[in-house]
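Residue numbers (my numbering), protein chains in the order written: chain A, 50 to 538; chain B, 3 to 102.
It should be emphasised that the hints constitute simulated quantities derived from the structure, not laboratory data. Don't take every hint at face value.
Claimed, not checked - The following label-pair restraints were derived from C-beta to C-beta distances: (1) B:Ile32 to A:Val109: 46 to 56 Å; (2) A:Tyr475 to B:Gln54: 32 to 42 Å; (3) A:Val70 to B:Arg53: 57 to 67 Å; (4) A:Gln120 to B:Ile32: 38 to 48 Å; (5) A:Ala264 to B:Lys90: 34 to 44 Å; (6) B:Arg28 to A:Phe520: 52 to 62 Å; (7) B:Met15 to A:Gln322: 29 to 39 Å; (8) B:Ile19 to A:Glu160: 32 to 42 Å; (9) B:Asp95 to A:Glu160: 28 to 38 Å.
Claimed, not checked - So these bits of chain B aren't anywhere near chain A, every CB distance computed over 10 Å: (10) Met3; (11) Val4; (12) Pro5; (13) Tyr8; (14) Ile11; (15) Leu12; (16) Met15; (17) Ile19; (18) Ser26; (19) Asp95.
Said to hold, decoys possible - Stretch by stretch, here's where chain A covers chain B in the computed footprint (C-beta under 8 Å, at least three residues): (20) 51-61; (21) 66-73.
All C-beta atoms in this analysis are idealised placements derived from N, C-alpha and C, irrespective of residue type, glycine included.
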Amino acid sequence: MNNAALNLDVNALLPELSMVVAAVVVMFLDVFNRGGRSVTRPVLPWVALLGVLAAAGASVWLLGQPVSTFQDMAIADLFAEGIDLVILVATGLSILLSVKYIPTVNPQTGEIYALLLLVASAMMVMGSAIDLIVVFLALETFSLGLYILSGVNRGNALSSEAAMKYFLLGAFASGFFVYGAALIYGATGATQFSQIGMQVMSGQADLNLLYPGIALLLVGFGFKVSLVPFHMWTPDVYQGAPTTITAFMSVATKAAAFAAFYRIFLVALPAQQPVWGWALAILAVLTMTLGNLAALRQTSLKRLLAYSSIAHAGYILIGLTTGTPAGADAALFYLLTYAFMNIGAFGIVTLLEQPGQMDVDISAVRGLGKRRPLLAFTFSVFLFSLAGVPPLAGFFAKFFIFGAAVQGGWSWLAAIGMLNSAIGAYYYLRIVVDMYFAEPTEETAIASKRSYAAAFGLAIAVVFTIGLGIFPNLWTALLEGGLNQIAMR
Amino acid sequence: MVPTNYYLILGAMIFAIGAIGVLSRRNALIIFMCVEMMLNSVNLTLIAFARQWNNLNGQIFVFMIMAVAAAEVAVGLAILIAHVHHSKSINIDDINVMKW
Chain A
50 MNNAALNLDV NALLPELSMV VAAVVVMFLD VFNRGGRSVT RPVLPWVALL GVLAAAGASV
110 WLLGQPVSTF QDMAIADLFA EGIDLVILVA TGLSILLSVK YIPTVNPQTG EIYALLLLVA
170 SAMMVMGSAI DLIVVFLALE TFSLGLYILS GVNRGNALSS EAAMKYFLLG AFASGFFVYG
230 AALIYGATGA TQFSQIGMQV MSGQADLNLL YPGIALLLVG FGFKVSLVPF HMWTPDVYQG
290 APTTITAFMS VATKAAAFAA FYRIFLVALP AQQPVWGWAL AILAVLTMTL GNLAALRQTS
350 LKRLLAYSSI AHAGYILIGL TTGTPAGADA ALFYLLTYAF MNIGAFGIVT LLEQPGQMDV
410 DISAVRGLGK RRPLLAFTFS VFLFSLAGVP PLAGFFAKFF IFGAAVQGGW SWLAAIGMLN
470 SAIGAYYYLR IVVDMYFAEP TEETAIASKR SYAAAFGLAI AVVFTIGLGI FPNLWTALLE
530 GGLNQIAMR
Chain B
3 MVPTNYYLIL GAMIFAIGAI GVLSRRNALI IFMCVEMMLN SVNLTLIAFA RQWNNLNGQI
63 FVFMIMAVAA AEVAVGLAIL IAHVHHSKSI NIDDINVMKW
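Isolated chain A (complex conformation) (with noise of 0.2 Å):
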């Protein structure tokens, strides 16, 4: 047999491959750095950024036609490309703001870009999987990596602790979503979606197994995303992990599994809308209002950002309850601009931490306006646009999402959704004017530490939440027509 009969398209995971390929060049130059010899290690970040843009050539290659793969494993269609771009994107970021974070936490630089490189290769795995099979390798794969990069730190009891919390639950809702995998393969005796979506729509599905089953992967998939009332380890593990790896996971974890649960709901579950949309709209709620309150009353900045990122969770959420193209496409944009100005946000905090301190309290932030203009008014961009403030980049996404849910018959939910920005408002503003109007006392005058390849990427970062705002249309654009590639399959 050749590769055409067995349907081997490899080009079609060229993203991926080359994410691969890099990791694999970034463990091998590793090799000739020995304990404090240190011969490569300065050109690993950079060796690692290449095949980070080597994968977004080829993502933006593959834009077209939907190309599957591996007997209808894997595709390569618009909304896969998309997902991929938003993980490249938090990759290369975090990349960028690790160069002259990583060594201050632990030396072994290698493995951490290594790392970095397959986690986010899985997850570009997980965006165009459509088969049950596929989601569960994807997603064990970069939970696996995520467990270590949130222990990377061993010289720090917070980091262990927090990668150790993050195993026990992530192995713990593994379970829960490869059993809910079981009783739909159960229910159907398919694992590809279409074709689990073609026995549930001729009615040979058993139900009994079909509606256990889908709870079951809501949970599993709760907790990857931090949907509250699964979300108990977001804080603390967003804290005990290094800055630069807390904000990759936060954008890319969240790109990556909710793409694959707005395929398996949109194609394997369409019929089953009612139900699904209610138990979404639900864990919306609760997930929004929950973050913002909890974050309310944070007074270290990086648990903060943690309860805010479990609230966006919650709008991203909006989108996917929907089940409507437009709702995809608006948690998309979603994504994307989140991961500007989330990454971004977590960026400043890597230059306010003290070293060896792995986190920064809110009381740091005073008077930062004074005494560095530059580095305050950036991370006021990204407050700002956090918090929904037009005409930044966030506003246009919190816009697309209320919109999508109110096309789509959720006003109620896109009501919710308002008042929840409203609250969190309160929280990305107060900081904003503790930068600008409050005196700084003395034991928090920090001096930031200084690095060109950080500031490169704020630079981006800024320059992607103002220009996406001003421009929204653009991402639109490229991805238009992508979101019925899908639902048509």
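Given the coordinates of chain A, assemble chain B onto it according to the supplied hints.
Only chain B this time, still in chain A's reference frame:
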């Protein structure tokens, strides 16, 4: 032939025992074993379904789960050891430097 339902009920019971174990035990190693038990109950369920549907998807899924479980053991024990270096304890009630 043993009916599929018997296997499903057995699988569900083992899964429940594992899940309850994760929630009630305080030793991280035992919790980890309970998670493995949950994964194995899923394997049993998948095999039963694969026989019922007479296709191989379920069996292939089981191979993947076994491979993932093995990788999880490697990573999990390494994280456990790194943690014990700091806290000298594998009781999860001691994992409380950060508040839950």
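Notebook entry, point to check: Which earlier hints can't be squared with this structure?
Noted result: 2 and 3
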